[in-house]
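Trainee: Make one complex out of these two single chains by using the hints.
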Amino acid sequence: MSAERSATRSDALSGAQAASGQADPPLTRLRGKDLLGIAELSPAEIRLVLDTAEAMKEVSGRPIKKVPALRGKTVINLFFEPSTRTRTSFEVAEKRLSADTLNIAASTSSVVKGETLSDTALNLEAMSPDIMVVRHASSGACHFLSRICRAGIVNAGDGMHEHPTQALLDAFTIRRHKKRLEGLKIALVGDLLHSRVLRSNVILLSKMGAEVLVCAPPTLMLPEITRLGARPTTSVDEAVEGADVIMMLRIQLERMQGGYFPSLREYFTVFGMTPERVRRAKSDVIIMHPGPMNRGVEIATEVADAPNSVILEQVANGVAVRMAVLYLLAGGGEHETSA
Amino acid sequence: MPVLMDADRMARTLTRIAHEIVERNRGLADLALVGIRTRGVPLATRLAANLRQIAGAELPVGALDITLYRDDLMRNTVGPQPLVRSTEIPFSIDDRRILLVDDVLYTGRTIRAALDALIDFGRPKTIQLIVLVDRGHRELPIKADYVGKNVPTSSLESISVRLQETDGQDLVLIEKDGEQP
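Top line first, the protein sequences correspond to chains S and V. Residue numbers for the first sequence, in this note's numbering: 352 to 690. Residue numbers for the second sequence, in this note's numbering: 128 to 308.
Do not rely on the hints blindly, as some may be mistaken.
Said to hold, decoys possible - In silico DSS-like links for lysine-lysine, alpha-carbon gap of 25 Å or less:
hint, chain 1, residue 1, chain 2, residue 2
1, S, Lys529, S, Lys633
2, S, Lys417, S, Lys446
3, S, Lys416, S, Lys536
4, S, Lys417, V, Lys252
5, V, Lys270, V, Lys252
6, V, Lys252, S, Lys416
Just so you know, the hints here were simulated from the structure itself, not pulled from any lab data. Computed from a predicted structure; not experimentally measured.
Next comes chain V alone, as it looks inside the complex (with noise of 0.2 Å):
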């Protein structure tokens, strides 16, 4: 099984985002960044932390739990039908700059429902997007504008993202015939 990324390599990783962001922002100030439940939640909090090292700003940073606005829920995937859990953004996202935050960008789908259902709760002023890999093969016009690191990949592969607070080590792994689809 083919490690993409250690823990080290994750951290540094984030830590160039964080200054892409700074980069590219020019001012923190109405930014916040949302994270897509699971794992695109602790990477949001690891990514402010990181900025409020470098750029002495205190982003606020929500959660995102896209399920209940999945494309393929009705259409009996292979899989179990996921867990419902809480959204919590506990701040107004009208007029922000939103940085979204996932772990892996695949068919784009995910995506789709974070901006729909990010999109119930206000208008932004902006959304970009942070994912830590992107793998291709994508299904809708999305695109990341932080990427952690491109890896091409065929669809029977899968790609492990572990994280230490919901898996307790930071990995990023490559996998034949994943379970997950």
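With the rest of the complex left out, here is chain S (with noise of 0.2 Å):
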């Protein structure tokens, strides 16, 4: 059931965890320096997260709304792929709790005159940064960068491997409406082969006990989706029956240039998100989007705007989530190098 990849690069790690981490004193800190993926993230650790960002959230609701908890800290945005929502949500969590930023996207920087990933990363080290958030188009970026950094690297993003904050935002989101995760029926529509985001919120959502279905068009499946702890329908009905959240994910018109289906129309015949399709679902049912939205292909405009969807929620939601992470980082990186 639960996810095979995560079970081998951390199940050593995350079992000890668990049976130490259920009868002992709650967890108060991370593991490791960096967040790289879903998959090497504890039950116990993911608790964590969401639970700290409780508290975040409220600072954004504050007249003045930053804490001093990363006073001094340095962290540098480091982003080879564009990206509007998760930059600037990640620079808005640094800020809101005071630390120093960065932004360094790659259409500006050294890399355009041929610098390799390792010494774009470790000329920017040089500089002391803390944390380094990075995006970037090739899985395992950050796990390559985390070998070679002491800086902490959170992942925000790479290629079509994981996006961590996305799926923490996203069960955030989900645990708020519903005060649960375990036994939830959730059904993530859309092109799952392309997405980190669909990746990183199976392995969660399976982690963390939920029923999870999959719908796309076979030549968007992802293969090994099963190994991570889904269920794969190709019938919007069938995904959507009885689902306590709708997930919609993004079809990625810039990678659509396979010929994965007909046309876009006809995709949004078949799979796209519509009134009808959503009430199959349970009456208090939540529609989700990590965004950017393409209206009219994988989700109508009636769904998108309606009262039960909670996608601009999502986003509000991704900076509190995204402070809990670094600060619970911040905090314990030094921990571990000195412990």
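Mentor: Below, the structure written as structure tokens:
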């Protein structure tokens, strides 16, 4: 049931953690210096991030939206792929914790002059940042950087691999509405093949005991999906039947040169989320989308703007969850090296 | 493990502090209680109940978490990093007289953090400090306005406050080589 990839990579650690974490005082920090993926996190660590985010959420509602927790810490946002939402969200989170932030976009950096990833990172590292938030088009780029850098690495999306903070903010949003994750029926519909959001979400939700159904055209189905803990189907109706949560995934128009389906219009007819399809789900279903949305492709405008759509809440919660991750890593890294 | 305060004594101490609050503040109209998490919050709630009885005044009560304002977060303290919990101040503190409540006053660093945190919520008219136990050893120029009990301690000792709401009993103990820093 639970994801095998996570099992191979981190069960030696998370097993021990779970065993001691249940009985003893609650976990108060993350184990590593990095957040590379959901696969590396134990259920107790996931719960810690979500609980800490509850407290961070309150900071964003204050007249002075800033706390001094990361004063004097330097965070570099290193983005090799375009991003508005994630980069802005990280930057807002960093600023609300009083960290000093630097934004480096690959298009304006020495990367265009041919500098390698490791040289770029090591040069930045020489300026002693405490955390680097990295987005890169290659899967595993963050794992590579975590081995060569002293600074904590936060994966803000690596290729088709993982996008852990997105999955954490999705789980946080679900938990706020449903008060739990275990036992929920969650349908994910859209491009499964190219989606790092999907991978991180499926790993997280099945780790936390939710029932995960995924739906896509056969050409966009991820072959290893059952190993990640989800049940695949090609019928939207079957996926959303009785669902507590419907999570739409973006059709990545920039990756659609491969002829995965005949036309966007046909995709919408067969797989698009329409009000009629939503009616098959539970009456208190919530609709989620990690953005950016393609209205009329994967989701109908009426569904995107319906009262049970929590899409903008996800964005707001993203700041709280990223604050929690940064706070826990900045406090936890030194602990590990000196303990 | 010597007992400094039992349930009875604690109740009388809080009643006395409530009377002192009434005596010193001439009208309770713009007063509000803010407890510092964890044990300052139930103490603030109990003081509010006392003040309701004595003066018939209903004081709003808030809860302040100071974890994000601590000055030892990055210094790798011996104990575990504290869990961050929510601050809940469901009223405006602007131009109010705030009564800040904590269980033990020691180095003063918690109160320093609490003052910073509180001022991020607005501009109170005054802030007064209430503590159940003052054990000395101040590292900052901070002094309590209302003290339940002054206890001279050595830095090897630790004071353990237990409350019904958080620990199932009302008790203040003094411990040698305690686990609390």
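Trainee: Next step is simple, just say for each hint if it's right about the structure.
Mentor: Status of the hints after comparison with the structure:
no.: 1; hint: S:Lys529 / S:Lys633; in the structure: holds (12 Å)
no.: 2; hint: S:Lys417 / S:Lys446; in the structure: holds (7 Å)
no.: 3; hint: S:Lys416 / S:Lys536; in the structure: violated (35 Å)
no.: 4; hint: S:Lys417 / V:Lys252; in the structure: holds (22 Å)
no.: 5; hint: V:Lys270 / V:Lys252; in the structure: holds (18 Å)
no.: 6; hint: V:Lys252 / S:Lys416; in the structure: holds (21 Å)
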